[in-house]
Amino acid sequence: MKISVPTLFKNKAEAIGIILFLLLAVLPLVLGILYAILYSLGLIGLTSAGFTLSYWIQAISDQEFWLSMLYTFYIALATIAISITSALGISLYLNKPLKKGLPAFSIYIPLAFPAIVVAFLVFQLASQSGFFARLFLQLGIISQTSAFPELVNDPFGIGIIAAHTFMAIPFFTIYFLNLYSQENIPEFSRVAQTLGASRWIQIRRVIIPMLLKRAFPTLTLYTIFVLGSYEIPLILGRQTPQMMSVLTIRKLRRFSLSTIPEAYVTALVFIFLVLVILFFLFKSRSFSYDLER
Amino acid sequence: MNSYTYFISAFCLLLLLSCSSKSNHQTDLSKLNWDQIRQRADGQTVNMMMWQGDPNINSYMQNYVAPTVKQQYNVDLEIAGGQGNTIVSILMSEIEAGKQNGELDLIWINGETFYQLRQINGLYGPFVSKLPNTRYIDFDNPFIKYDFQQPINGYEVPWGNVQFTIIYDSARVNTPPKTKEELAQYVRKHPGTFTIANDFSGMTFLKSLLINMAGANTLDGAFDQKKYTKYSTQLWDYINSIKPHFWKEGETFPSSVSSMHQLFVNGELHFTMSNNDAEVDNKIREGFFPKSARAYLLEGGTIQNSHYLGIPVNSAKKAAAMVVSNFLISPEAQYQKARPDTWGDGTVLDIKKLSKTMNKKFVSLPKGSHAPSNKQMQQKALQELAPEYMIRLYEDFRTHVIQK
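If you read the protein sequences in the order shown, they are chains L and G. No gaps in the numbering here: position 215 of the first sequence is 215 in the numbering used here, and each next residue is one more. With the second sequence counted from 1, adding 293 to any position gets you the numbering used here.
Keep in mind that the hints were calculated from the coordinates and are not lab data. Think of the CB as a built atom: it goes at the ideal place given N, C-alpha and C, for glycine as much as any other residue. Do not take every clue at face value.
Listed next, the stretches of chain L that the computed footprint assigns to chain G, with coverage defined by at least 3 CB atoms under 8 Å from CB atoms of chain G [said to hold, decoys possible]:
1. 155–166
2. 179–189
3. 269–279
Just a sample of chain L residues kept apart from chain G, beta carbon distances all over 12 Å, derived [claimed, not checked]:
4. PHE51
5. ALA81
6. ILE84
7. GLY140
Chain G with its partners taken away, still in its complex shape:
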């Protein structure tokens, strides 16, 4: 054998070696108590994947959360950008390849991702009751207990709470349309000033309309094909009847709500939308939205939605991920997050359960002046529907509206 053959056999051997999987023995964390979990977390690095589209949120994570967990628990928090479908595809390919030590240890998820990850058994759990700070959370609150009508069953930690709002420029719009009839009237009078983004926010708007059409609580519970067909037909008829008056005559739609913000700011659109009721104030403070921008709710209510944290089933640092999650739902971290000058995200804690001083801090939080008050929002809060409604709305919006 000459040197070439050696080289090739060595190469093939390397290839084979790289394919063999290492067996991995992880201790069952559910048998450990919290102190043992904390000990185990000491010195570990947590890779967290989250949506990084907002500088306020990034700054909260980088400049407050990461240094604090390092100092208090000696856990290094590394944050990578990515949401929903990115997380699902990473986990899917890792699980399909049988990878034991996954890339991700902690993920920021929402109902539709929760649904997908539960389908592929991608989430670790139940673990939520292990976290000491869950004692401050009211798990009987339907906006926390159910994520897109699915019971969370200890597989995800509630992290924050937001409500869908429509944003308008009060300098140009005197009375914003609050019902579907008023909206139809408005777009007929001001053609080209309204549209719907073909993304999560746009679908949330359509979902709010769907619930308004069906009537309160009609669509609660599991996905119902009959009801969906009935009310979605009404919804598409309605949208198509006013579509010619939409932006660009309804021939195309913005692909995301951020391009809608852009169009709103440069005056093409009179309205934009947000899944986060605090966004209007954040964007005004950044100088991106005009000072006259206001957020409002539909007469029939809009979707209120909690967002959550999950731990992938193949994470090798579950203990440290649990320690970080526990910190993120601590009263102090939740308070920092709720401050309008940091993020303005609604807390998931039941502030009645907090200590007197902490309760006071939450109560005296300055509320953004350009969005509806908490009380108004609570009165008009609609629950998320089962995830299949969202899936169908996405597909049907494309076939029944965009392609028509």
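For reference, chain L alone in the conformation it holds in the complex:
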């Protein structure tokens, strides 16, 4: 008779892998969060004076905090929506020309730009004293540079979204192009065609759903990346509302040392919200690499 002993791991290699992952990746994060929690409750820190909820109350009752939260999500969602639409369009209609030669190379160029450089470029080009404003002035389209529309440091975050979109479109275009061939989408599309689907129906009912479904985890991760971006909103954003990361750093570095715990509160609430969203997304069936489900 064979007695099977329930084991936690399949083999030793996996066990070590998981332990190393916990030790190197998860443990520091958990410690960091614990530190932030203790700090925000006034339990540690050079200026702490014992347990208090006042920092939490102070930070959460601040209207600017919630405005910043909304603004952050608005920027991220707008960026993703514009980037996906454009990337889908480009990858569908420029599928062949983008496969080789100069166009194939040029689509990689924006990926080489660090975020802070993109932010400066957008500022140099689109500010009221920037390149376009001067060009329009020289062409006589506007009578003074301040008549140029506000595109950076503007209330709607146009500059921030533009900079993020500039970086995201090539990324998603290349990603969609690869998915397109990996998933044999042309085959499925041809099947649909033999069943009488027009090109538009193929795109709408076959190609786009398949691409988006496969890309969903990446889209979610990219949204989180935009949510947490720092340099771009720092340079192109307004003094108020600010994106969460800018707000957190500002609170961390104010002259009054007493707002440092508030910065930790801001960061904690933000992490918590992102985790909640991720939790629900992972629970939902559509969040999967597996198309069979």
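With chain L fixed as given, assemble chain G onto it according to the hints.
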């Protein structure tokens, strides 16, 4: 046990080892005399952190100070960029972690950083009286003795002295507004040409206005909540009444004075500001500001401010840091620094106490032609207020002006 287990236990052991702190015995420098301190400094490397936003200042430090201290004292001076809040966060986390041999040995600080560092006991001291060159400094001068109304008590070495000025382009502005009434009149007539940076310089401007409103010496001494509320309400009412005529209708403000310089140079703004009275001449010489740029003072005066050097409490090379500080306040180093073609920073030395030749050198220093004279500035110099005023102005400027 197989090899994996060995590996993991070795790894855990390493982790534990890296956590254990080394005990560190430092000799009490206050018991040593200057020669012994100099001997101790020999061959040490000093890590200095300072604001590196100005090429003239960087060049003075890299090309004059560093080679000279190496040659005279065999001390290597390494300079890293960083100011105020960066220094405070580095020191805070080091002290919270109990780190004995800190990253920083010498720091360039200003009143608000001094205030923060004293709160967390981050500064070494008192040590200033140990430095032989302090004999040239007049510590009774209120602009040196007090940093943001706080007595320095030997915890920081005065290094330089500057005064806040407003900069305008004389080719476009005939008579610059010198009082708050004139400023209000000006912005109403020329909307979009004035703004306030949401940074140290901007707050210094607001502080000068606050003092002007309260009247001379009213706000001296410790922070007074009642007085602050009274005069800051007047200040915000005033700013908000003219805010719609500011740059971008006052809906947003530049985040730093360097973006204000940019806007000034390309003509959007008629005014910019500077915490350093020598900056206008420096920037004209660099070709960044137009030749017609001029610096001026408010009728009611502007803030004069000394900047200082401090040694972090956990520095392992305090002796060498003291030797470098002593060199930085030597007559020769101060003279080099005061030359308009190097930095143009005001000296903290009392030139009456210097030797005849040195005194002559200071007196005959060419003065920048586009800023007010030293005498004019001295007459209009206001003392810095207690640091809490600055903290409150920062927060209230945000809530009462920017977010409105």
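To see whether the hints hold, each was checked on the structure:
no. : hint    : result
1   : 155–166 : violated (count 1)
2   : 179–189 : violated (count 0)
3   : 269–279 : violated (count 0)
4   : PHE51   : 18 Å, holds
5   : ALA81   : 25 Å, holds
6   : ILE84   : 30 Å, holds
7   : GLY140  : 17 Å, holds
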